[in-house]
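Q: Chains A and B, in that order, are what the protein sequence lines are. According to our numbering, numbering within the first sequence proceeds without interruption in unit steps and concludes at 546. According to our numbering, numbering within the second sequence proceeds without interruption in unit steps and concludes at 316.
The hints are simulated quantities; they were obtained by calculation from the structure and are not laboratory data. All residues carry an ideal CB built from backbone N, CA and C; glycine is no exception. Don't take each hint at face value.
Okay, the calculated bits of chain B under chain A, using three or more residues with CB under 8 Å as the criterion [what the hints assert, rightly or not]:
#1 221-233
#2 239-247
#3 258-265
In the SDA-like style, the derived pairs of lysine to any residue whose C-alpha atoms are separated by at most 20 Å in a straight line are [what the hints assert, rightly or not]:
#4 B:K271 x A:T451
#5 B:K207 x A:V164
#6 B:K281 x A:K293
#7 B:K207 x A:M499
#8 B:K271 x A:H455
#9 A:K293 x B:W236
#10 B:K207 x A:G503
#11 A:K161 x B:G272
#12 A:K161 x B:Q248
#13 A:K162 x B:E289
#14 B:K207 x A:Y228
#15 A:K162 x B:V268
#16 A:K293 x B:S234
#17 A:K293 x A:Y228
#18 A:K489 x B:K271
#19 A:K293 x B:Q248
#20 B:K207 x A:F68
#21 A:K161 x B:E289
Computed, partial: chain A to chain B, Cβ under 8 Å [to be verified]:
#22 A221
#23 T360
#24 S362
#25 G365
#26 D366
#27 E368
#28 Q506
#29 Q509
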Amino acid sequence: MIEREVLELDVLFVGAGPASLAGAVHLQRLLRESGQDASVGVLEKASEVGAHSLSGAIVDPRALRELFPDKNDQDFPFEAEVSEEHLYYLTETRKIPFPFIPPSMNHHGCYVASLGKLTRWLGEACEKDGVDIFCGFAGTELLYDGDQVIGVRTGDRGIDKKGVQKQHFEPGADIHAKVVVLGEGTRGSLTKKLLHRHNLMDERNPQVWAVGVKELWQMPAGIVQPGYVAHTMGFPLGHDIFGGAFLYGMKNDIWNLGLVVGLDYKNPGVDSHHELQNLKTHPWIRSLIEGGKMVAYGAKSLPEGGWYSIPKLSISGAMLIGDSAGFMNGQRLKGIHLAMKSGMLAAETISKALAENNFTESKLGDYEDRMKSSWIRDELWKVRNFHQGFDHGLFGGLTNAGIGLLTGGRGWGFKNRLTSEPGHLQLEKGLKKDRYKDLKFDGTYLFDKVTDVYHSATAHEEDQVPHLHVNEPDICITKCAEEYDNPCKNFCPANVFEMVPDGENQRLQINFSNCVHCKTCDIMDPYQIIDWVPPEGGDGPTWINL
Amino acid sequence: MDILVVLEDNRGSLHRMSKEAIAGAQKMGGSVSALAIGSNADALSGKLSGVDLTEVITVNHDLVSSYNADGYSEVVKQVIESESPKTVVIGHSYQTRDFIPRVSAKLDIPFIPDIISLEDGFVKQVLNAKLNASVTTSADQVILSFQSAMFSEEAMASGSCSSRSFDVNLDSSMVRAESEEPFQEAAGSVDLESAELLVSIGRGIEKEENIQMAFDLAKVLGAEVSASRPVVDSGWVEPFRQIGSSGQTVSPKLYFSLGISGAIQHVVGMKGSKNILAINKDPDAPIFEIADYAVVGDLLDIIPKLIEALQTEKDL
């Protein structure tokens with residue numbers, strides 16, 4: 001029996017993203033105002049706050065303004081206010097401007113930002129306010145008393161590849177808390193367990209996911225206009241794959257170039273990283289990055305499902321916030337403000353619960369009521385059927401979105417709720433098509449995957465049990481190889497999965513140290529046998545301004 | 001005193017990185033002294049008698065007879081306070097990482113670690129060696145540590161030096177840690193960082209059975225064997241042999257690369273090699289971009305013949 005340290009807290013947020021950090025700041029304020037004394041902590045698996053934070057991002061400042069009413073927008077760590085915006089349809093060689101930008105895709109008054117910078121800034125605000133942030137510790141287990149969550153266990157350190165304790169073995173600690181708030185981001189490993197154990201997705205649409213990949217390009221001075229925003233549809237994804245590209249101008253001559261690919265495509269050969277490389281073969285994109293140098297790479301999955309995919313948000317002792325709860329507006333391509341607001345609403349409920357010393361499901365359920373009467377609901381309700389329309393391709397999706405503008409979000413103008421199948425079920429057997437025959441990595445503008453991965457500065461202790469658990473590895477070499485030709489090779493944007501020759505046969509090689517923690521494998525694996533669990537705390541990407 | 005080099009005892013002999021630190025300090029110019037600590041201090045001092053230094057300061061005290069961070073940091077602090085060197089130089093070893101930050105904190109002197117070049121300020125690698133940062137300081141004193149193989153130990157200028165014993169004030173309240181025998185890796189006899197010749201194997205070796213071939217080649221060459229990550233990951237060789245961003249950084253005189261494609265993660269660990277000879281089947285393999293000698297071919301055909309040829313040569 002391993003002896004573990006026990007830490008007693010009142011409130012524990014898991015994952016130092018915008019949702020948790022905003023929630024913690026807001027909670028400290030509410031506690032002060034109501035004269036309560038409570039200990040608030042945030043657990044973060046990255047070595048520092050922000051190192052695992054990645055987003056587009058264009059930020060709607062609404063939640064920040066509410067959280068810091070005494071500050072001006074200029075005080076927030078943004079790159080630049082959106083100064084110019086474009087929406088283009090790309091063919092292989094041309095770009096065609098949309099005749100107008102629909103109001104729902106208008107980013108006027110919003111800001112180009114780096115989520116990494118924003119979370120670092122929020123992290124400092126938290127620490128000034130007396131919140132303890134524990135970096136380098138991943139939550140790996142939920143602790144229960146009956147069906148009530150009572151805390152989180154952090155991961156052990158110092159276990160070798162074979163699962164044997166090394167000399168410097170250090171058991172994880174048990175952090176007890178009256179309320180555990182899961183703000184783990186997309187497809188959190190504790191969130192996944194919680195949703196499953198308590199059936200929190202019952203009567204909801206399955207979550208619909210996308211993966212975003214991006215590169216930062218350092219350009220010569222004078223080319224990048226900070227606040228410049230362009231979104232594109234069409235090339236390279238075509239009409240059958242949901243998604244599009246984004247290009248944002250940041251400070252210090254940096255282009256932020258990325259691509260979002262819906263994880264509900266049919267061709268198992270689709271590779272988001274390769275699509276991003278293909279994007280850069282477009283003459284217009286290529287001219288924009290001419291003379292520049294790629295300096296950073298990263299990837300993240302995002303919940304696109306919207307209103308009908310939001311799980312039940314509270315159970316006894318635990319709540320879900322941010323991306324973990326699917327708070328993202330797929331049509332506006334924005335979730336940071338929703339994530340922050342959800343954390344703040346959770347904080348309001350927690351403050352009341354602490355005052356009454358009542359952490360039951362019904363008390364914490366107050367958070368869901370608050371959410372439903374907040375602007376989160378107003379915003380997500382209007383676009384509740386946005387992604388589902390794209391099940392019918394790009395033009396179907398645009399038509400549905402357009403009609404939705406007139407009918408307040410009804411699908412195809414009349415249906416209140418469109419449903420979707422989980423994306424991994426959309427993969428078609430035997431359909432693999434090579435979309436990248438003509439793609440040549442030149443090492444200057446187009447990069448192979450491992451080179452891009454290098455620029456994510458990801459690092460993992462090599463001598464540990466791979467944190468990607470493949471539960472039935474036989475499926476990989478038999479059924480999956482036959483039916484889908486191992487799509488893990490393609491959907492992972494970090495080259496974690498490889499099929500390598502093994503005598504006459506093949507075997508699955510898991511290069512877990514390449515992992516950038518996007519969770520796409522856990523989401524997109526057609527047999528759902530990949531389980532992403534946190535590696536040793538502190539491992540993973542080292543992102544600075546993604 | 002301009003520069004003080006803090007030496008590291010490697011079981012009675014001088015740590016290679018200490019010699020490199022001396023070479024570096026000599027190159028920086030000014031008067032250079034060295035500090036040897038522990039029961040082997042006099043022995044270390046003796047080994048430097050033919051080296052161009054002002055003096056070697058020796059400290060031998062019961063509480064620092066062998067390495068412990070509390071004692072060493074206190075000793076170095078007292079020597080710096082007494083001798084006021086402008087610059088303190090040390091090799092960037094594990095021991096340095098353990099105690100030098102404490103010296104820096106005690107004296108409020110900046111510590112710039114793991115420097116790779118002195119060409120443009122103090123240059124260190126950041127972000128997984130993707131960028132170089134040039135660091136400068138406005139402080140009057142600074143502590144620097146040099147990355148392994150930044151200078152060559154052979155570049156140590158010869159000359160003469162005297163030796164002086166230094167009395168330190170240490171009492172047991174300052175030394176709370178009790179040190180045990182230095183920990184030695186199971187296969188500690190292999191020191192890749194100081195190997196002059198490396199035979200390095202990549203995925204092109206194909207099968208575990210073929211690994212022996214690389215060891216045979218290493219044997220006739222008098223080389224050590226290293227590997228890229230996939231080979232280590234497959235469990236074909238021990239983890240300490242791994243070169244690259246999650247392994248070791250090496251700069252041998254000859255890096256004999258067998259079936260390594262040359263992904264950037266590997267290249268950052270060996271690009272400092274003086275000569276790179278690469279064998280790979282794929283003419284487009286990125287390793288050829290940095291190789292001095294490139295052989296496009298199947299290593300499984302080439303290596304046995306090469307071993308045979310080298311063996312014949314040797315026997316003659």
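Q: Each of the hints needs a verdict: does it hold here or not?
A: Status of the hints after comparison with the structure:
Remark: the segment 221-233 of chain B is confirmed as covered by chain A, as 4 of its residues place a Cβ nearer than 8 Å to a Cβ of that chain, reaching the required three. For a cut-off of 8 Å, the count of residues in the segment 239-247 of chain B with a CB near a CB of chain A stands at 5, and the three-residue condition holds. Residues of the segment 258-265 of chain B with a Cβ under 8 Å from some Cβ of chain A number 3, which satisfies the need for three, so the listed coverage holds. At roughly 16 Å between alpha-carbon atoms, B:K271 and A:T451 fall within 20 Å of each other, so this suggested pair holds.
For the hint pairing B:K207 with A:V164, the CA-to-CA distance comes to about 26 Å; that exceeds 20 Å, so the pair is violated. Among the hinted pairs, B:K281 with A:K293 is inconsistent with the structure: their alpha-carbon atoms are about 30 Å apart, more than 20 Å. With a C-alpha separation of about 15 Å, the suggested pairing of B:K207 with A:M499 holds against the 20 Å cut-off. Proposed proximity of B:K271 and A:H455 is supported: the alpha carbons are some 17 Å apart, at most 20 Å.
Straight-line distance between C-alpha atoms of A:K293 and B:W236 comes to about 37 Å, which puts the hinted pair past the 20 Å bound. With a C-alpha separation of about 8 Å, the suggested pairing of B:K207 with A:G503 holds against the 20 Å cut-off. A hinted pair counts as satisfied when its Cα atoms are at most 20 Å apart, and A:K161 with B:G272 does not qualify at roughly 30 Å. With a C-alpha separation of about 19 Å, the suggested pair A:K161 and B:Q248 falls inside the 20 Å cut-off, and the hint holds.
Of the supplied pair hints, the one linking A:K162 and B:E289 is violated, its CA atoms being roughly 37 Å apart against a limit of 20 Å. For the hint pairing B:K207 with A:Y228, the CA-to-CA distance comes to about 52 Å; that exceeds 20 Å, so the pair is violated. About 28 Å separates the Cα atoms of A:K162 and B:V268, which puts this hinted pair outside 20 Å; it is violated. Of the supplied pair hints, the one linking A:K293 and B:S234 is violated, its CA atoms being roughly 34 Å apart against a limit of 20 Å.
For the hint linking A:K293 to A:Y228, the alpha-carbon distance of about 19 Å falls within 20 Å, and the restraint holds. Between A:K489 and B:K271 the CA atoms are separated by roughly 29 Å; this puts the pair beyond 20 Å, and the hint is violated. Using a Cα cut-off of 20 Å, the hinted pair A:K293 and B:Q248 is violated, with the two alpha carbons roughly 27 Å apart. Of the supplied pair hints, the one linking B:K207 and A:F68 is violated, its CA atoms being roughly 60 Å apart against a limit of 20 Å.
Straight-line distance between C-alpha atoms of A:K161 and B:E289 comes to about 34 Å, which puts the hinted pair past the 20 Å bound. Here the hint on A:A221 is broken, as its CB sits about 18 Å from the closest CB of chain B, past 8 Å. This hint is violated: A:T360 has a C-beta 47 Å from the nearest C-beta of chain B, more than the 8 Å allowed. Because the beta carbon of A:S362 sits about 49 Å from the nearest beta carbon in chain B, more than 8 Å, this interface hint is broken.
Look at A:G365: its Cβ only gets to about 45 Å from chain B, farther than 8 Å, so that hint breaks. Taken as an interface hint, A:D366 does not check out: its beta carbon lies about 44 Å from the nearest beta carbon of chain B, beyond 8 Å. Given hint, A:E368 at the interface with chain B, is violated; its Cβ is 42 Å from that chain's nearest Cβ, farther than 8 Å. Checking A:Q506 against chain B by beta carbon gives a least distance of about 13 Å; that is not within 8 Å, so the hint is violated.
Contact between A:Q509 and chain B, as hinted, is supported at the beta carbon level, the nearest pair being about 7 Å apart and thus within 8 Å.
In the structure shown, a violation is registered for the earlier hints numbered 5, 6, 9, 11, 13, 14, 15, 16, 18, 19, 20, 21, 22, 23, 24, 25, 26, 27, 28, in ascending order.
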